[in-house]
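So you can see what is in the structure, the chains are spelled out below.
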Amino acid sequence: MTGSRLWNSMRPRGRNGYFFIIPYGAFFLAFVAYPLIFSFVLMFNRWNIVTPMEWVGLKNFLRLFSDPLFYKSLRNTMLFLAIHIPLQAVVALGFSLLLHSRVRFRGVFRALYFFPVVVSGVVVTILWQQLYSFDYGILNKLLTIAGLPRIPWLVDPDFAMPSIAVMATWKNVGIYIVLFLVGLQNIPAELYEASQIDGASRRKQFLHITLPMLNPTIMVIVVLSTIGGFSLFIEPFVLTGGGPMQSTLSGMLYIYNQGFYFSHMGYAAALGFAFALIILAVVLIQRKVIETDRTA
Amino acid sequence: MKATLKYMLLILGAVVFAYPFLWMIAGSFKPELEINGFSLWPSKIVLDGYRAVFTKIPILRALINSLIVSLSVTASVVVFGSMVGYALAKLEFLGRGALYLLILFTMMIPFQITLIPQYILMVKLGWTDTYLSLIVPAMMSGFSIVLFRQFFAGVPQALIDAARIDGCSDLRILFRIIWPMSRPVIITVAILTFMASWNDVLWPLIVIRERTLMTMPQLVTIFVTGGEAETQLGSLLAAATLLALPVTLTYAFFQRYFIESMASTGIKG
Numbered sequence: 001m002t003g004s005r006l007w008n009s010m011r012p013r014g015r016n017g018y019f020f021i022i023p024y025g026a027f028f029l030a031f032v033a034y035p036l037i038f039s040f041v042l043m044f045n046r047w048n049i050v051t052p053m054e055w056v057g058l059k060n061f062l063r064l065f066s067d068p069l070f071y072k073s074l075r076n077t078m079l080f081l082a083i084h085i086p087l088q089a090v091v092a093l094g095f096s097l098l099l100h101s102r103v104r105f106r107g108v109f110r111a112l113y114f115f116p117v118v119v120s121g122v123v124v125t126i127l128w129q130q131l132y133s134f135d136y137g138i139l140n141k142l143l144t145i146a147g148l149p150r151i152p153w154l155v156d157p158d159f160a161m162p163s164i165a166v167m168a169t170w171k172n173v174g175i176y177i178v179l180f181l182v183g184l185q186n187i188p189a190e191l192y193e194a195s196q197i198d199g200a201s202r203r204k205q206f207l208h209i210t211l212p213m214l215n216p217t218i219m220v221i222v223v224l225s226t227i228g229g230f231s232l233f234i235e236p237f238v239l240t241g242g243g244p245m246q247s248t249l250s251g252m253l254y255i256y257n258q259g260f261y262f263s264h265m266g267y268a269a270a271l272g273f274a275f276a277l278i279i280l281a282v283v284l285i286q287r288k289v290i291e292t293d294r295t296a
Numbered sequence: 001m002k003a004t005l006k007y008m009l010l011i012l013g014a015v016v017f018a019y020p021f022l023w024m025i026a027g028s029f030k031p032e033l034e035i036n037g038f039s040l041w042p043s044k045i046v047l048d049g050y051r052a053v054f055t056k057i058p059i060l061r062a063l064i065n066s067l068i069v070s071l072s073v074t075a076s077v078v079v080f081g082s083m084v085g086y087a088l089a090k091l092e093f094l095g096r097g098a099l100y101l102l103i104l105f106t107m108m109i110p111f112q113i114t115l116i117p118q119y120i121l122m123v124k125l126g127w128t129d130t131y132l133s134l135i136v137p138a139m140m141s142g143f144s145i146v147l148f149r150q151f152f153a154g155v156p157q158a159l160i161d162a163a164r165i166d167g168c169s170d171l172r173i174l175f176r177i178i179w180p181m182s183r184p185v186i187i188t189v190a191i192l193t194f195m196a197s198w199n200d201v202l203w204p205l206i207v208i209r210e211r212t213l214m215t216m217p218q219l220v221t222i223f224v225t226g227g228e229a230e231t232q233l234g235s236l237l238a239a240a241t242l243l244a245l246p247v248t249l250t251y252a253f254f255q256r257y258f259i260e261s262m263a264s265t266g267i268k269g
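Here the protein sequences come in this chain order: P and R. Take the first sequence: its letter number 293 is residue 293 in our numbering, and every next letter is one higher. Take the second sequence: its letter number 71 is residue 71 in our numbering, and every next letter is one higher.
Next up, chain R with everything else stripped away, as it sits in the complex (with noise of 0.2 Å):
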């Protein structure tokens, strides 16, 4: 009795987060004026929603900036939060607790200070427009160096101090040795920062305004609100679906490397 009111819980929130997700899928397939009923079985297969996304945005081409921009930024993101986590970490210099403190102050600023002069030095450099503005500001980042510092510290210095005698240069012993031992934060690392600058709309909102410039999500928001997809709801779920199908696919793969992620964000606090 107990057990099946706990299943039927479970199952409520299954359908209460699953269900608005097939609509939209099945709802991109439908006849226009089927799409607000409740069946997630399309009468028949309809493509004028998809056809309507591909002839009017360069959706595709969306698709191929989001790729370049957050893999650059991913790809940044761990090999200089990582650099910079194991000189914390693992080498001695003058002022490294200091240059922890400040990092650590770094993550407390929130962004709603840095935006408009970040802007205005985009504006400043030329780099409005181009992928420049997008990659660059977000290519390193103090919570993914606290994170590597925190693994790091964990390696045994003995294996650290074997290498050097063998010869070995910090950059070796970095990518080399410590980088194979590190696929978990590796991992979280690049998870987290990929699913924010892939997400991200409101800097690419700023900082570009060219349409074959612009990432998934952007052009996205730009086609629903400046009144290109019109009324037609086929098309507003068509690049709705279309811009889930990427995370959707990875997140299908890797499911637990996101959750674990996550899981592993709340320790900071």
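Just chain P, same shape as in the assembly (with noise of 0.2 Å):
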């Protein structure tokens, strides 16, 4: 090709290009770009969308560092996050290494296991409302037959969140199962033949190979599930409202409610804007943690 004409080929494409990412382009400076700047304008702002916007400075991050809710909201979240992450590690590492194995029907479990994952969270939740209910829930009353006392699984603000944070695992666990598999088919035969024939028990297998192979999957499961509890909205919207005494009252929540229910929408941003860096910071550290955990 001369280069002349390699330069004929060139141009035309270049063009191209440009006219394949401009509907990009154009969503991305109307849906991204802009919301982005906005919320940093709005965060320093009073303002209820109906009247003009007014001027605060820093008042809404003052107002945000003594605001008892706030705290409240971020240790809720942070609850949920730590019954739920390992709860769900630990249920869809047993489940997938059973469906590792050899097995009949592994295709039917899993998409029997799958099954909440793509179900609206609005119908899992209408439906563990009745499964918690105290005096008439299919869970009390096992508990009943079983001689035990009930558990005031969403009337108890000791017990709301974790229950809370069960149904979540519940409906979650099936995306964890899924991914386990992948990661354990990813592991190769050869490193247990080998551990074998060096003469490792299982359980050694399980702590040596297993596990440090899974590595990088538990980072993707940590990162999203901890991203899905800092998304935690319609679960308590619909079971709890927040209560009872706020202790369902997630970091979403009260976003939505200080925005939807208060019109403090300066505030609202204020709180989207911490709960981000929040969210980013808890990641990165994850991140360091486990990595480092895998060197170790």
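It is worth saying that the hints were derived from the structure and are not from the lab. A few of these clues could be false.
What the hints assert, rightly or not - Heads up, simulated BS3-like pairs for lysine-lysine below, C-alpha to C-alpha not over 30 Å straight-line:
| # | chain 1 | residue 1 | chain 2 | residue 2 |
| --- | --- | --- | --- | --- |
| 1 | R | Lys44 | P | Lys141 |
| 2 | R | Lys44 | R | Lys56 |
| 3 | P | Lys288 | P | Lys72 |
| 4 | P | Lys59 | P | Lys72 |
| 5 | P | Lys204 | R | Lys2 |
| 6 | R | Lys124 | P | Lys59 |
| 7 | P | Lys141 | R | Lys6 |
| 8 | P | Lys288 | P | Lys204 |
| 9 | R | Lys6 | P | Lys204 |
Unchecked claim - Rough simulated footprint, nothing fancy, chain P against chain R, three-plus residues with beta-carbon under 8 Å:
| # | stretch |
| --- | --- |
| 10 | 4-13 |
| 11 | 16-25 |
| 12 | 116-126 |
| 13 | 133-142 |
Note that the structure is a prediction, hence the values are computed from the model and not measured. Backbone N, C-alpha and C define an ideal beta-carbon position, used for all residues, glycine too.
Both chains come to you apart, so use the hints to assemble them.
This is the structure in structure tokens:
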């Protein structure tokens, strides 16, 4: 190809490149860049959309730092994550190990475990509202049959958030079973064969081959469920409305209440910004911890 | 012995995940007093719950709204996502690398930051209480672009060069030559997008107040939280069953694709 022909074939392609990305460019400006920039303006203002915006400087952030409900919602989210992530990882790992071994009907089991993932969170929440009912719920009936005391799943502030964490685990664990299965399939069989020759026990193999090789999968699972935990909204919105005693007020629910219930747009934007920073910080710390774990 | 234990655990898991749904479906047909029993079989079929749902809320309209919104969003994400993905993988232009980094950056922005300003944008555009507010802000996604780019990078350049020599435009190359060989990635993007759009409740709750424009999960949420269901358990379970029905039917036929799509999302981490 001569130089000039090369030039001719490059030029239209270059133009086409721009033609292909222009729709995204417009979309990016309107629905990513503009909201992002506007959020930085908004968080320094007081505004209810109807009356003119009023510049208040750092007031929204000063208010945030002394807002007990902000801390409460943050603590609630952390409590949710502290139960949800380990529970989910252990249950998912257990079922994926079972499914990874030689079993019949693997596809059927996998499809059943995955089903709650595809169903709307609203369905799952309505359903669990009945299961968790103190007087008539199936779960408390089972406990009574077993001779145990009933549990105030959603009506006691100490139980409500853990109950939601258990429900969220039930809904999402299918994703993580599938992710672990992919991870297990990617571990080379030679590793197990070699260690078997060296006389390693099944337990040793699990601790020194399976777990370390699943480290990247665990990372994905921790990060995805952290982001999911900070987005927790519809479950408390439908189940408890944030109660009892604000014990299930999640970060997202608090932002929603401030923005759309009280019309405090500026303060809601400041809350959104604060939670976004916290999410990024938490994910970075998790990455650091899990990655150093691998080298250790 | 060990095998027995294994199957017992697997079956226990199956019961834990499936029983509540079966109980919900059975409950939606049970007489009110029977609902809280363990039985999965109504002593007699009662349709009061469904009657209440159909008379109190425009549930069919909501189903149509959800279909319009989710199908438009999915079509748009697949078409535009593949265009940008193709440009990033196979076309040369100034700023290509920068654009890719920018898209990766947009994927890291937590939506908590942009939620409030996006709502205000909808208000200013006059799009609240219209389909536009549900469709347009979801028409493209960075994640789908990245998935398409990854897949298209593996398409042999020789194929594209040959098509160009035959005088094919890039649009034709993308939609007539590359699309037919990209079924896996198209299905993945379509399923993930459709599911996310179909199940989203937060955004519809924010931008839609008019009942006839609500999406299905949103309308059911309003029905449950707004007290319209009163304390009628049967109608709650009927609403939940109706909401679960479309996804369940789709899942029954395309179960494998759902699971494979989800499995491929893990790769991004």
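- Message: Checking each numbered hint in turn, tell me which of them this model violates, lowest number first.
- Response: none
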